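Protein chains: 2
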Amino acid sequence: MPADPQIDKLNFDESGLIPIIVQDHANGEVLMMAFMNREAIERTIATGKVHTYSRSRGRLALKGETSGHFQLVKRIFTDCDRDVVLFQVEQIVAACHEGYRSCFFRQYEPGADDWKVAATKAFDPAHVYEKK
Amino acid sequence: MPADPQIDKLNFDESGLIPIIVQDHANGEVLMMAFMNREAIERTIATGKVHTYSRSRGRLALKGETSGHFQLVKRIFTDCDRDVVLFQVEQIVAACHEGYRSCFFRQYEPGADDWKVAATKAFDPAHVYEKK
Chain B
0 MPADPQIDKL
10 NFDESGLIPI
20 IVQDHANGEV
30 LMMAFMNREA
40 IERTIATGKV
50 HTYSRSRGRL
60 ALKGETSGHF
70 QLVKRIFTDC
80 DRDVVLFQVE
90 QIVAACHEGY
100 RSCFFRQYEP
110 GADDWKVAAT
120 KAFDPAHVYE
130 KK
Chain V
0 MPADPQIDKL
10 NFDESGLIPI
20 IVQDHANGEV
30 LMMAFMNREA
40 IERTIATGKV
50 HTYSRSRGRL
60 ALKGETSGHF
70 QLVKRIFTDC
80 DRDVVLFQVE
90 QIVAACHEGY
100 RSCFFRQYEP
110 GADDWKVAAT
120 KAFDPAHVYE
130 KK
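Residue numbers (numbering that gives the first Met the number 0), protein chains in the order written: chain B, 0 to 131; chain V, 0 to 131.
Some clues are possibly wrong.
All copies of an identical chain are treated as equivalent in the list; a pair is satisfied when it fits inside any one copy or across any two copies.
Here are the simulated SDA-like pairs of lysine to any residue, each with C-alpha atoms no more than 20 Å apart in a straight line [said to hold, decoys possible]:
#1 LYS8 with GLY27
#2 LYS73 with GLY27
#3 LYS73 with ALA111
#4 LYS73 with ILE91
#5 LYS48 with GLY63
#6 LYS73 with GLU28
#7 LYS48 with LEU71
#8 LYS120 with ASP23
#9 LYS120 with GLY67
#10 LYS48 with GLU13
#11 LYS120 with ARG37
Everything labelled a hint here was simulated from the structure, so no lab data went into it. In this text, all values refer to a predicted model and were calculated from it rather than measured experimentally.
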């Protein structure tokens, strides 16, 4: 793959990673935060599907590989410091492995003992992840 | 300040920090990404104004302290792993110190040599930051 000067202008951290935000292109919902390395960004741009770098597994991961819940890239932005990348995507079914459309389904409630689930599930994780 | 069990349930990293995303509560625009420590979250909740932890300056910072461009908190969410916090805010004037409403004003354009500025300025940084 030829070098992409726009990727060269991003500021990766000392581990070669950059935080990324994924947002629904249609309604603005923030779906998840993750990390990419250079290869994940190149693969995401080349395929049009979000690929992240999993720090726990130490490898590239196609988002939705198991579930089929891909994130189809519509627009890409970076911030003033070029050290965060924002992907606006078409989300197939849902982003969260717990079954919610967005990973940000827990809301702060003043005085409560725990965060409250503020969304309903878009799919049943047991069904989606066990049958494959 | 009494301990807040919801803050206790967040997963701070080994440096005691947690990445945060700030989003316009009205139109869903992603305004910036930053970091908070426990004290920044407590101060943000207590005052209703976003406070971040500046890694470069090694201290707490009230967002908008110099410019008056505060972020007034409307709703707070955390994600499935409880290791990112999303703040939905009313943004006074603009979030970016470069004068744009959102820090994510640079858009990727296939084949281009550099990211393209995809927004117009909401204020003149020279005017806002020099006169104080």
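Okay, the hints, checked on the actual structure:
1. For the identical chains of this complex, LYS8 and GLY27 are neighbours neither inside a copy (26 Å) nor across copies (27 Å), given an alpha-carbon limit of 20 Å.
2. In this homomeric assembly, LYS73 and GLY27 come within 20 Å of each other (Cα to Cα) both inside a single copy, at 12 Å, and across copies, at 16 Å.
3. Only between protomers do LYS73 and ALA111 lie at most 20 Å apart by alpha-carbon distance; the minimum there is 17 Å, versus 38 Å within a single protomer.
4. Taking identical chains as interchangeable, the C-alpha atoms of LYS73 and ILE91 lie at most 20 Å apart only when both belong to the same chain, with a minimum of 13 Å there against 28 Å between chains.
5. With identical chains, the CA atoms of LYS48 and GLY63 are at most 20 Å apart within one copy only, with a shortest distance of 9 Å there and 36 Å across copies.
6. For the identical chains of this complex, LYS73 and GLU28 are neighbours both inside a copy (14 Å) and across copies (15 Å), given an alpha-carbon limit of 20 Å.
7. Taking identical chains as interchangeable, the C-alpha atoms of LYS48 and LEU71 lie at most 20 Å apart only when both belong to the same chain, with a minimum of 5 Å there against 34 Å between chains.
8. For the identical chains of this complex, LYS120 and ASP23 are intra-copy neighbours only, at 17 Å inside a copy versus 24 Å across copies, given an alpha-carbon limit of 20 Å.
9. Taking the closest pair of Cα atoms, LYS120 and GLY67 come within 20 Å of each other only inside a single copy of the chain (16 Å); across copies the shortest separation is 40 Å, beyond that limit.
10. Taking the shortest alpha-carbon separations for LYS48 and GLU13, neither the intra-copy value of 26 Å nor the inter-copy value of 31 Å comes in at or below 20 Å.
11. Proximity of LYS120 and ARG37 under a CA criterion of 20 Å is satisfied in neither setting, with 33 Å inside one chain copy and 30 Å between copies.
Violation of the numbered hints given earlier is confined to hints 1, 10, 11; the remaining hints are satisfied by the structure.
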